[in-house]
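Taken in sequence, the protein lines are chains C and E.
Take numbering that gives the first Met the number 0: the last position of the first sequence gets the number 253, and nothing is skipped along the way.
Take numbering that gives the first Met the number 0: the last position of the second sequence gets the number 255, and nothing is skipped along the way.
Calculated directly from the structure, the hints in this document are not laboratory data.
Careful: at least some of the hints might be erroneous.
To be verified - Computed far set for chain C versus chain E, every beta-carbon distance over 10 Å:
1. Trp-24
2. Val-156
3. Val-171
What the hints assert, rightly or not - Simulated DEER-style distance windows between Cβ atoms:
4. E/Ser-58 <-> C/Arg-166: 20 to 26 Å
5. E/Glu-180 <-> C/Arg-166: 28 to 34 Å
6. C/Ala-56 <-> E/Gly-109: 56 to 62 Å
7. E/Arg-108 <-> C/Val-91: 51 to 57 Å
8. C/Pro-107 <-> E/Glu-114: 43 to 49 Å
9. E/Met-70 <-> C/Leu-12: 38 to 44 Å
10. E/Ser-140 <-> C/Gln-148: 20 to 26 Å
11. C/Thr-15 <-> E/Glu-180: 19 to 25 Å
12. E/Asp-156 <-> C/Leu-12: 27 to 33 Å
13. E/Glu-186 <-> C/Gly-161: 46 to 52 Å
14. C/Pro-78 <-> E/Ser-58: 37 to 43 Å
15. E/Glu-141 <-> C/Leu-12: 20 to 26 Å
16. E/Met-70 <-> C/Trp-165: 47 to 53 Å
17. C/Ile-193 <-> E/Asp-156: 53 to 59 Å
To be verified - From the derived model, a few chain C residues whose C-beta atoms are all more than 10 Å from chain E:
18. Arg-8
19. Leu-12
20. Thr-29
21. Ala-58
22. Arg-108
23. Ile-109
24. Phe-140
25. His-153
26. Asp-155
27. Ala-162
28. Met-177
29. Pro-250
Just so you know, even glycine gets a beta-carbon here, dropped at the ideal spot from N, CA and C.
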Amino acid sequence: MSDALGPFRAILLGATIPLIVLAAWQVASTQEWINPLFWPAPSTIAERTWDELMGGALATDSFVTARRLLIGFVLGAAPGVFLGLAAGVSRVLREAVYPTASALYVVPRIAMLPLVLVAFSINDPARIFMVAFSVFFIAFFSALSGAEQVRLTHLDVARAFGAGRWRTIARVVLPGAMPSIISGLQVAMGFALIVIVGTEFLAADQGLGARIWTSYQVFDFPAMYAGIVAVTVLGVVLNYLILGSKRILAPWQR
Amino acid sequence: MTIAPPGARQEEQTRYLDIRGLGVRYGGKHGTEALRGLDLQVPEGSFHAVLGPSGCGKSTLLKALVGLLDMQVGAIEPQPRLPAYVPQGDSCFPWLTAAENVAFGLEARGVGKRERLQRARSLLADLDLGDFADRYPHELSEGMRQRVAIARAFAIDADLLLMDEPLSALDFQTKMRVQSELLGLWERQRSTVIYVTHDIDEALTLADHVTVLSTRPALARETIEVPFSRPRSYRDVRRAPGYGDLFARIDALLEA
Ligand SMILES: Nc1ncnc2c1ncn2[C@@H]1O[C@H](COP(=O)(O)OP(=O)(O)OP(=O)(O)O)[C@@H](O)[C@H]1O
Ligand SMILES: [Mg+2]
Numbered sequence: 000m001s002d003a004l005g006p007f008r009a010i011l012l013g014a015t016i017p018l019i020v021l022a023a024w025q026v027a028s029t030q031e032w033i034n035p036l037f038w039p040a041p042s043t044i045a046e047r048t049w050d051e052l053m054g055g056a057l058a059t060d061s062f063v064t065a066r067r068l069l070i071g072f073v074l075g076a077a078p079g080v081f082l083g084l085a086a087g088v089s090r091v092l093r094e095a096v097y098p099t100a101s102a103l104y105v106v107p108r109i110a111m112l113p114l115v116l117v118a119f120s121i122n123d124p125a126r127i128f129m130v131a132f133s134v135f136f137i138a139f140f141s142a143l144s145g146a147e148q149v150r151l152t153h154l155d156v157a158r159a160f161g162a163g164r165w166r167t168i169a170r171v172v173l174p175g176a177m178p179s180i181i182s183g184l185q186v187a188m189g190f191a192l193i194v195i196v197g198t199e200f201l202a203a204d205q206g207l208g209a210r211i212w213t214s215y216q217v218f219d220f221p222a223m224y225a226g227i228v229a230v231t232v233l234g235v236v237l238n239y240l241i242l243g244s245k246r247i248l249a250p251w252q253r
Numbered sequence: 000m001t002i003a004p005p006g007a008r009q010e011e012q013t014r015y016l017d018i019r020g021l022g023v024r025y026g027g028k029h030g031t032e033a034l035r036g037l038d039l040q041v042p043e044g045s046f047h048a049v050l051g052p053s054g055c056g057k058s059t060l061l062k063a064l065v066g067l068l069d070m071q072v073g074a075i076e077p078q079p080r081l082p083a084y085v086p087q088g089d090s091c092f093p094w095l096t097a098a099e100n101v102a103f104g105l106e107a108r109g110v111g112k113r114e115r116l117q118r119a120r121s122l123l124a125d126l127d128l129g130d131f132a133d134r135y136p137h138e139l140s141e142g143m144r145q146r147v148a149i150a151r152a153f154a155i156d157a158d159l160l161l162m163d164e165p166l167s168a169l170d171f172q173t174k175m176r177v178q179s180e181l182l183g184l185w186e187r188q189r190s191t192v193i194y195v196t197h198d199i200d201e202a203l204t205l206a207d208h209v210t211v212l213s214t215r216p217a218l219a220r221e222t223i224e225v226p227f228s229r230p231r232s233y234r235d236v237r238r239a240p241g242y243g244d245l246f247a248r249i250d251a252l253l254e255a
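Take these sequences, add in the hints, and give me the full structure.
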């Protein structure tokens, strides 16, 4: 699609809207058409972000958040994918876990926070668990639906050519489900980011969420925006990480 | 007491894949009955084409022989042991390269990676796909993918080879070329082949016998011997005496 446009023009086109918004914001804020206390000019935010970054505090908080996020992501995604595939292959397992999984899936993650805090006492495991818990179900359902979508012909071929259960799972069901798993994980990463920032708002004194929330409470809005910028950058980086893993895990996908 | 001439003795010893009273019904008691009491004898080592109206149960017959269905009645003697199978339509694994696809059946048979890929490459070369061994299926045309599926079936050197319209996606010229490549591969292995097609000319080009099935639920309407000598090609067959009559006879059976 973008081939017709050329990569440079595509980037230019994509940058148009943000640039217009930023320019309008800059003018509106410096002209005080909007309250610069709540809406500091983008240049002010950029300056503050740079200062915080140089001071090291923003980097530390980013690192803390990224660490919780990634550990939680892996701890949720790995068993989620495994169980989802297993449920996709075994009808007994599917019928045993599906009702529970669907019920837990719809509970808003953040509603579980008090319970999780009680269970873990306020500590990093609780925050990591919050992430893992939300990632797990998305990974589970995307692996399950991916496994169910594996073409019957492919399963027939596996069986005809003498592949046993495990070989069929490893060589046919897993790769067949991989596109669905990867797009599930992409969604899960977005959820994980929401959940970790929300959790840090309420129950952390370190991390980007905590930084955004405390800055807001002391009306230090430039610092708050610096936190938002950092979260956004983190989200973009993680999204690219998943897109990159797609190249490795599903090289056959155009 | 008469002593049978050697030829006759050999005749007696011809063994058959013997299908008796095969019935398949999909979806329980009130489901679709695809086959009912189908009898078919296929001499071992022969090339047997199966023709029949669309939806009559040809694919079902092959699936029953592969052992993919668990709701069949009747007897298959001897029970096929891991036959090679080319399913109808696109059956390549999109996540494997052409060579890996061809090697798939060898993996389950414990052939080492190097050896099976080597074998896959040489088979692909036999089917004019030597330059495409490392491509993924989406980089190949539909007809090329069908040839990969054919190579995958030949790779395992099975006694029984079941093919379900494997050349349906090919244009006429390519079809003729692949037919002769396929016959070349078969003449090396001499496995028993059951070959489903809807193309009378193709059946006459490839097969020793042609069985025409009835409409659903299918039973074998008639089996006709194809007398043309081998090696043969479509061009030879078209010019052979008796071709027109044979074509007309099969056509009439399909129409009936
Ligand atoms: N999995 C299935 N479940 C239910 N019905 C089926 C199934 N597979 C096939 N059938 C039915 O069985 C009948 C025979 O199907 P089959 O695929 O064997 O036909 P075919 O002769 O191969 O047709 P074609 O020439 O179009 O490939 C059809 O009526 C079809 O609707
Ligand atoms: Mg069919």
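Here's how the hints hold up against the structure:
no.	hint	result
1	Trp-24	holds (44 Å)
2	Val-156	violated (5 Å)
3	Val-171	violated (7 Å)
4	E/Ser-58 <-> C/Arg-166: 20 to 26 Å	holds (25 Å)
5	E/Glu-180 <-> C/Arg-166: 28 to 34 Å	holds (30 Å)
6	C/Ala-56 <-> E/Gly-109: 56 to 62 Å	holds (59 Å)
7	E/Arg-108 <-> C/Val-91: 51 to 57 Å	violated (30 Å)
8	C/Pro-107 <-> E/Glu-114: 43 to 49 Å	violated (55 Å)
9	E/Met-70 <-> C/Leu-12: 38 to 44 Å	violated (57 Å)
10	E/Ser-140 <-> C/Gln-148: 20 to 26 Å	holds (24 Å)
11	C/Thr-15 <-> E/Glu-180: 19 to 25 Å	violated (55 Å)
12	E/Asp-156 <-> C/Leu-12: 27 to 33 Å	violated (56 Å)
13	E/Glu-186 <-> C/Gly-161: 46 to 52 Å	violated (25 Å)
14	C/Pro-78 <-> E/Ser-58: 37 to 43 Å	holds (39 Å)
15	E/Glu-141 <-> C/Leu-12: 20 to 26 Å	violated (36 Å)
16	E/Met-70 <-> C/Trp-165: 47 to 53 Å	violated (26 Å)
17	C/Ile-193 <-> E/Asp-156: 53 to 59 Å	holds (56 Å)
18	Arg-8	holds (27 Å)
19	Leu-12	holds (28 Å)
20	Thr-29	holds (53 Å)
21	Ala-58	holds (40 Å)
22	Arg-108	holds (33 Å)
23	Ile-109	holds (37 Å)
24	Phe-140	holds (21 Å)
25	His-153	violated (6 Å)
26	Asp-155	violated (5 Å)
27	Ala-162	violated (5 Å)
28	Met-177	violated (7 Å)
29	Pro-250	violated (8 Å)
Figure legend: structure checked against the earlier numbered hints; hints not met, in rising order: 2, 3, 7, 8, 9, 11, 12, 13, 15, 16, 25, 26, 27, 28, 29.
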